[in-house]
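The lines below spell out each chain.
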Amino acid sequence: MSVEFGFFLETVISGLMAGVMYALVALGFVLIFKASGIFNFAQGVMCLFAALTFVGVQEKFGLPAWLALPAAVGVMILLAWLIERLVLRHLVNQDPIILFMATIGLAYVLEGLGDLMWGSDVKLLDIGLPQGASDYMLDNFNLYVEKLEVVAAVIASILVAALAVFFQKTRVGRALRAVADDHQAALSVGISLNTIWVIVWSVAGIVALVAGIMWGSKSGVQFSLSLIALKALPVLILGGFTSIPGAIVGGLIIGVGEKVAEVYMGPFVGGAVENWFAYMLALAFLLVRPQGLFGEKIIERV
Amino acid sequence: MTFQANVSDAMSDVTSNAATGPAPAKEPEMMLAVEHVSLSFGGVKAITDISFDIHKGEIRAIIGPNGAGKTSMLNVINGFYHPQEGTIYWQGKVRRRMKPHEAAKSGIARTFQNVALFKGMSTLDNVMTGRGLRMKSNFFWQCIHKGPALREENEHRAKVEEIIDFLEIQHIRNKPVGKLPYGLQKRVELARALAMEPDLLLLDEPMAGMNLEEKEDMSRFIIETNQRYGTTIALIEHDMGVVMDLSDRVVVLDYGKKIGDGPPAEVQANQEVIDAYLGVSH
Amino acid sequence: MSVAEEAASARLETFPAVLLRNAKQWRDRPAIREKDLGIWQTWTWNDTLQEVRSLSIGLAELGVKKGDHVAILGVNRPRLYFSFAAAQALGAVPVPVYADSAAEELAYILEHANAHVVVAEDQEQVDKVLEISEQLPALKEIVYDDPRGLRDYDHTHLHSFERVQARGREALASDAGREALWLEGIAAEKGSDIGVMLYTSGTTGKPKGVMLSNDNVMISAVNACEAEKLTEKDEVLAYLPLAWVGDHLFSYCQSYVAGYCISCPESADTMQTDMREIGPSFFFAPPRMFEGLLTSVMIRMEDAGSLKRKMFDYFIKHAEKVGEDILNGKAVPFMDRLKYNLGELMVYGPLKNTFGFSKIRVGYTAGEAIGPEIFRFYRSLGINLKQLYGQTEASIFVTVQPDGEIYSDTVGKPAKDVEIKIADNGEVLFRSPGVFVAYYKNEDSTKDTKNEEGWVYSGDAGFFDDRGHLKIIDRAKDVGKLNDGSLFAPKYIENKLKFFPNIKEAVAFGNEKDKATVFVNIDLNAVGNWAERNNIAYASYQELAGHPQVYDMIRSHIEKVNEDLSKEPMMAASQIHRFLVLHKELDADDGELTRTQKVRRRFVAERYDDLISALYSDKTEQYTKTEVVFEDGRKGSIEATVRLSDAKTFAYAQSEAAE
Amino acid sequence: MFYRETGQFKTNYSDDRAIFPIAQDRYGIMILLAIAFFVIPFTVDDYWGNAIFLPLLIYALIAMGLNVLVGYCGQISLGTAAFMAVGSYASFKLMTSFPGLDFTIVVLMSGLITAVVGSLFGLPSLRIKGFYLAVATLAAQFFIIWLVNKVEWFYNYSATGQINAPERTALMFPVTGPNAPILYKYFFCLIIVVLAALVTKNIVRGRIGRQWMAIRDMDIAAELIGVRPLTTKLSAFAVSSFLIGMGGALYFGVWLGAAEPTEAFGIDQSFLILFMIIVGGLGTILGSFLGAAFLWLFPIAFKNFMVDSLGLSTAMSEHLQIILMGGLIIFFLIVEPHGLARLWQITKEKLRIWPFPH
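Chains as they are written, first to last, in my numbering: chain A, 1 to 302; chain B, 303 to 584; chain C, 585 to 1243; chain D, 1244 to 1601.
In short, the hints are calculated from the structure, not lab data.
Note that this is a predicted model, so its numbers are computed, not measured.
Relax, there's no trap hidden among the hints.
Distance condition first, Cα-Cα at most 16 Å in a straight line; then the derived EDC-like pairs of lysine to aspartate or glutamate: (1) C:K1055 with C:E952; (2) D:K1372 with A:D95; (3) C:K943 with D:E1248; (4) C:K1182 with C:D1171; (5) B:K448 with D:D1259; (6) C:K943 with C:E812; (7) D:K1393 with A:E262; (8) C:K1219 with C:D1174; (9) C:K1209 with C:D1193; (10) A:K147 with A:D126; (11) D:K1593 with C:D887; (12) B:K477 with D:E1592.
One chain only, chain A, in its complex shape (with noise of 0.2 Å):
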């Protein structure tokens, strides 16, 4: 293996662990559009929220970890709770973009709540995840992979795996389904719209809280955590709205390709193409396939 091969190869495992970490972001977003419609811009913010709260809970209360993480889902499903008492249920049949405007308000209430209940300075966040490279894969192949990154690889394929028996086997999850397609058909199978609502929001919280833990252990719990939504966007734009293997994939190759263009790219043209290269490239796969990696061709009726 040539040098230059496995500096390639190191750029796209270190590219496909950012995009896990792309695609557990994106899987929160589809979740809740896909249960109801809702563009959620907070779900970055969220991420921003839940790992100051797992860290916060054990800072101030000294928790240790392994309470502290029931105690974050407890915060988040809390949450959950709130956000369909106080907006959503008040918002029930307003267009698309009034939802949308409502998910950044509470993107800003999250933030400032965040700071303002433990504080905004960059918090260290340790459970206890392996860290430094894999001496495995260092000495077997010569490459240089992060421990922290691949167990975070591991930790996302087993949250995808479980949401995908929770969708597929509960009757919740199928419920959660169905009401994707018809209000109606959800509401035979016994469950009210408010509940799908937050079981949907709590399951999408639960979802930041692993990717905001996972993100926060790599480089600290700080404000910039909450940006990695943006990054989640193109995600969403490349593997479609309602899709969650596209999610998973279109973080996949988001993570790759922005690593890829940053290495390659970056030096020609001043650097930080990370900004914007995921867009770009989500907007020219876009005019292509408008409806997404994974989205059914829209049929439009009149």
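Chain A is already provided as a structure; the job is to place chains B, C and D on it using the hints.
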């Protein structure tokens, strides 16, 4: 008084069936013809090998059970769908594949099965939008809203007001259409289509969801449109009474295929048509 | 200006001559407007002259000549107003006919009037005329205004307005002398010629054609314009029937004389909005309309917040206290005046504004008595509303309330040039330059109504009070006697009842009976609203009318009236002993009302004969079945069991009112 | 209550479709303009001018631009700040490259350049709709900011990466640079904003505006009655960007005087403008002004209150402010999704039928 006798004839002409009008002495002029048109969506056939024509000046009804492909047919006619097979003749010439707004420009207007008004605008603005194709003033004049732009705006307003008057919707002129009752929305939609001064007007279930009185009004408007402006009309309608009263000729579709074509009375007697409506065939 | 034109306009004895003057004097001032196609289309006086001239000559081309009768059939439309002058310019007599006349009535009038040409508004009117055309041997041509739906009609004798005018213009263009000829024709018309023929709706019998000379209406119009200082700057809404003498005077004659602009509403439905847009300065409306408006004010205010209602009530009360005095120019304490100004800002101004009354300088009401509360309400808001007493036979004006001398219970003092005397039986007689020439083809009636000295028997009973104001109590022939010999004036009682917003119509009986009784029609709007507020469920008018609580309410109104009556020496005997609430609304389509919405007392009495006899028995309910005509023209019948109820009466009490 | 409309009737269509058909509204706007032109300029000091009136006017202009796109044409954009940046950098390059150029021309040309860039980024709108488009506009946001940051030519190779506005005049009056009097700056912005509002209103009440709204309300039906999606959407992007570009030129040239791309044109700016039109009212010119005023004044008032009156720390107040801002947006959306302009509309209707409740 001497003119009594003729009058009653004239009156019956207006109020009842236009089909009894004077028989055409010469070959009717063709407005539009579709020949062997087929349309499918990802393998699902919506229309299969359909041919029929629409004469200039007539009221042509397209009927058939739900899912027969009627609306798809209208969508083909005004360029919204592009058939995989077949030819469309427009005013005697083969029509190339065109975009909906080009079809509109060539003189085809339509209304929709589920009212498709511009909900955020007033009745007046909705109808004015229908004049868009005929308004020519350039961007500069639009910016200052004077000179040619203002003149044009006023001229078209006058035209639009005539249509508003014709369809008796003066009282809702400045109301946002979103809040109007359904029957009035349908009327505004017709007004918008008429504002285009089309050669061919496609009406997709103009009377769906209306009560008897509204239906009568709408029938009157359709007949008057046909007579006063000489507009050729193709309409889809479920109310057989209305179809029989209004139309000169009827084409019947079922499962995307044509199963009948001719004057209302003839079609009504067609066994295949009766079966289709009763669900016997297939 | 040509010699002929000058000659024609020098003597202003006819309206075409006035038009020539106006076209010169107020060339570019608006003469008439119509809300059409979304805006107020305007004709200047010059435009009007052009329109009238081409129409007039076009009519001449159709064969209209001096002395012919031109019927004008439709609602207020500029072209129909043009038709008046166009016909008059040819020496023909315009005969306006009520647009809502049924075919039968129409047939009678057109046949009786010998109409040669009908100018009809639209397809509906044309159809009506065509339907009866066989009965009209004199009718030669029909001209219509709105071509809608008439495209395929046989046009041998049917002409569009445009077509007639085009023919007029062609004639003008092809014959250089034609215009001079037309002007000469106008100049040749004299004041004493018949200018217009108006059919009285007539509460009894067939309508009569009142022939008014040019002088009749011209002098009346000139006098009225002077009295109210009407100028070309005034604004008037032309919305009352063309065939009614009031509209003819206010919207046609006075407009020509004073030069003011009249505006025709888009339709009857939009009358309120149109009124508000135009903001007339001179306005006329029957009491009915003022009543309706007041009711709607009260109903709409019901839903207002309590604070706003309190404010509203407070200022309305204040207006009641000082409003009329301020309007009449009397001294009012400074604080009260200040408070009234505040009220004007907060309540009166906005209220007048929503009605379109803000600019009213002179308002008339007539036709029947207006409720004193209603009358005072409008006056207290600062609207100069006056009562007018008039008749077609007088070119409307008999008495008018002069500014500053407004009493709600009188109809004012004789108008300019009008003499009035009271006959021994109480009947009011008048004589004026406006007094009609004769009834058309009805010498007997003419003789009965107008004596050799020119005095006209008004048919109304009344008297002058000590302020010199005329007070009308009833139709002279309706004033009857109870069996005990005391006076029974049904209209007087009915009007008192109708002043209650809940009572729409009342018919009193008692002539040659022992006691007085009444039929009551409830006002569906007012009572329906009341029912809603009191949680009274009802499915139909009939059910609401028969509801016991409604009876209780009506009874309380009647007892209030009885109390009032008991204080008046002449009327104390005719207190209402028993009453019923009718199960259906009295309706012009059933012949129970006239087209001007007056009760046809005798017809009602015959029709509900069974109910009347039940009122004079001691039954508590009575079954009845009535033939009715539905809106779509079908006939059917309504049946009901109507409840009968007693009302408390009061002993005659001397009071200050009776002194 | 104060609306006395009796006697206000229209005899032609021009009057009927006037911007202010009701006389009282005309008087009202005249009084407002009179205050803006003759009272404010002669009473305002530097603080009020720089902290309140200039940003108010400039944000109103930018909000109006975004409103054309989002409110009238229904195309959601999250890239407003990027287009402001285009306007700013265009004006900077024009000012430094052509020192003699009148600033009025600079502003107009900056608008035009932004219109071209905006149309370019509007092209995807033909294929993609709704949120897909919204996300696509983020591409503009990130790409453009990256571009002006990375390509030194844009900031004339300055060491700090900042751009600074040189002194320039409009019709001989100095309006940019640190020494330009606030009075001139204010007048300059006011005139541009008033004219822009008038022109925008003219466009939206004519054919083009109706076609925008048709696309917004029901794009398929619009196309079927002959509205060309390409030209219509691109014209909305162009007009919108033109206004935003002019706003950007004023923002940098007149108000800030200096700008650094990631701070002055960050995505938060895009959201701020979006909030302005949502709170103000989508699809109304008035709403752009009301929204700009509200979202600019409210935080200032809030901060003053928190820090000065309650003595909270600046950081604390900032957190609270951000929460409150978000909460307020949600509150507005729930209570009146059509914004302040609709509230005014409702109030006006109430006043027109006063004393009646309906």
